[in-house]
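Start from chain A and add chain B according to the hints.
2 protein chains.
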Amino acid sequence: MEITITKTKVLKPKPDDSKLGFGSIFTDHMLNVDYEPEKGWHNPRIEPYAPFEMDPATMVLHYGQAVFEGLKAYRTASGSVQLFRAKDNFTRLNQSSRSLCIPEIDEAFLMDSLKQLLEIEKDWIPKAPGTSLYVRPTIIATDPYLGVRASNTYRYFVILSPVGAYYAAGFNPVKIWVTKSHVRAVRGGVGEAKTPANYAASLYAGEQATKSGYAQVLWLDGVEQKYIEEVGSMNIFFVIDDEITTPMLNGSILPGITRNSVLALAKHWGMKVSERKITIDEVMQAHESGKLQEIFGSGTAAVISPVGEMKYGDKVITVSDGKVGPIANKLFKTIQDIQYGKAEDPMSWIETV
Amino acid sequence: MEITITKTKVLKPKPDDSKLGFGSIFTDHMLNVDYEPEKGWHNPRIEPYAPFEMDPATMVLHYGQAVFEGLKAYRTASGSVQLFRAKDNFTRLNQSSRSLCIPEIDEAFLMDSLKQLLEIEKDWIPKAPGTSLYVRPTIIATDPYLGVRASNTYRYFVILSPVGAYYAAGFNPVKIWVTKSHVRAVRGGVGEAKTPANYAASLYAGEQATKSGYAQVLWLDGVEQKYIEEVGSMNIFFVIDDEITTPMLNGSILPGITRNSVLALAKHWGMKVSERKITIDEVMQAHESGKLQEIFGSGTAAVISPVGEMKYGDKVITVSDGKVGPIANKLFKTIQDIQYGKAEDPMSWIETV
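Residue numbers (the working numbering), protein chains in the order written: chain A, 1 to 353; chain B, 1 to 353.
What the hints contain is simulated information worked out from the structure, not anything from laboratory work. Any given hint could turn out to be false.
Repeated chains share a single entry, so a pair holds when one copy, or any two copies, can fit it.
[As the list claims (entries may be wrong)] Simulated pairs of lysine-lysine, BS3-like, Cα-Cα distance not exceeding 30 Å:
{"hint": "1", "residue 1": "175", "residue 2": "291"}
{"hint": "2", "residue 1": "226", "residue 2": "277"}
{"hint": "3", "residue 1": "180", "residue 2": "277"}
{"hint": "4", "residue 1": "226", "residue 2": "87"}
{"hint": "5", "residue 1": "180", "residue 2": "226"}
{"hint": "6", "residue 1": "39", "residue 2": "19"}
{"hint": "7", "residue 1": "267", "residue 2": "7"}
{"hint": "8", "residue 1": "19", "residue 2": "211"}
{"hint": "9", "residue 1": "323", "residue 2": "7"}
If we strip away everything but chain A, and leave its shape as in the complex, we get:
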């Protein structure tokens, strides 16, 4: 598909790298592609970032049929631009689409169109350490119709947002809270898809955690409420007795790309690694017996989010003496160095733009 390009007449002022937050500033242009049953995905166009004209009956507003991705474009010291595992994001976008009855999009087109958009917006990629350009590919159901069924029409769009360093205040651990009253997802549901439903279901417990002074919710499985699933909107890892372990993918856990990167690097380093069922009781017992060395989350926004404290019921445990553990630290530094082109890329994760 040939992409039509319409450039904006007036460029927005670019923000100061040192004042960037997350996800509230958007660049001058965006990518839009439409889907209709007769035409398939068609009319790809890069055009000025602008509001959608959206009928109030548009299905995504009522029935949440949508999927999205999140990845980042990084500026290297030499000024070049690179993506981290973008192919995997596009593969996962199509996986999510299948779960939500949304037509798939050719992955080579997804990659090529993103590169074209980034080429036009490259001046928006910030330069300060730890900053990047966040990329949000999204598909929404667009039929103006109130019957409950999959939509016939869709919009694929990509918006870009320059974002600050996640750890602007330093690479510090967070406090997390294990919920037994709320559940994010269950097997047989849409938990492994990157779809709005999972985020909507996480809001209430997230607010409760915040009010109690905890940064994130640790989710247990929806069936027995004893197996660990995710933390906030990240995957989670435990270092127990020198083994790095994370909950195995079971249909209700998001197959995180950073999660996969952590597993691959740890194996590459010759560490003992496992993906398996982990109960919250096992973690608490490992702490009591002194075998719980580290806990950390993994995700695109934070890369690695070390956990210094965890509350479960009435018990509050301190992890890694409330500091960043050595494995979390090594993973964070290594992945970030690969992303910014400062270190070798042994797994061929980098996609040059």
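Chain B in isolation, oriented as in the chain A frame:
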């Protein structure tokens, strides 16, 4: 709050009553109300039905923070207009909002503003038997922001759609399919809220059912996958050994207003009624022993949807000889007669517009 009214200059042509479907035609005007933390709900206005100008980063598109309701306005034989249990819809809207971290709205205002909108749009309420004006109150999160948290700003809107008789082809039973591979909701999740997430999670199994020739999916509980929860986007009832029974509300089942009406009427008639846990095995055994008399769904769109056939695993059972059972029939006729002002309203369910 005083509602500002701006009328459209050009009225749309009204559709022929005999050709109405569901949820694809909308009236000339809609209600919009905005929320900001400093102002609360403010600027209520009835204005021409028009597309929203929606930033591509609007939170509802990414994280599904939204709630809605569905109810109908009916035209009586005398030409007057009435709503059925609208207060209960507005109470439930606020219940759903609490689950989704959305600020509540004064229920008296919700009712009053709907009545004002209906007064302006009353010529859109169709006259043919079984037709009505479907009312869709909706709240969407409107912050243009990609961080995962509850939005700070919201839009409440009401759109109206003239809809045809649900049983235009006759009051006939449907075939339903029990899924063991898909789950709609689980306790601790958002299953009891009327929110897009639950509908998104139902699409895949719904498509599978349709492809196999079944009209609806029968959902089992997310924990043990043996207790019956809902059918499609309706509640479900069984008549077993002269008892009318429906799954008890457990946090993952929508507290249907038609469900509540069925229970209230059946009790009023002196029938044996229960809300309890019901396993799919119990239903299959009741069928084998000849005690399963009827199965039917309940919801705003259909009122009552009789089930003539149910497939569970390899077993297909015929219910009520594949016909409409006497209890489903009596409930359908009674509720519909109350809705259209043809019968007494012993429970004071009618709200006159």
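Against the structure, the hints:
no. : hint      : verdict
1   : 175 x 291 : within (19 Å within a copy, 55 Å between copies)
2   : 226 x 277 : both (10 Å within a copy, 23 Å between copies)
3   : 180 x 277 : both (17 Å within a copy, 22 Å between copies)
4   : 226 x 87  : neither (34 Å within a copy, 40 Å between copies)
5   : 180 x 226 : both (9 Å within a copy, 22 Å between copies)
6   : 39 x 19   : between (44 Å within a copy, 28 Å between copies)
7   : 267 x 7   : neither (46 Å within a copy, 67 Å between copies)
8   : 19 x 211  : within (26 Å within a copy, 53 Å between copies)
9   : 323 x 7   : neither (48 Å within a copy, 62 Å between copies)
In summary, the numbered hints that this structure violates are 4, 7 and 9.
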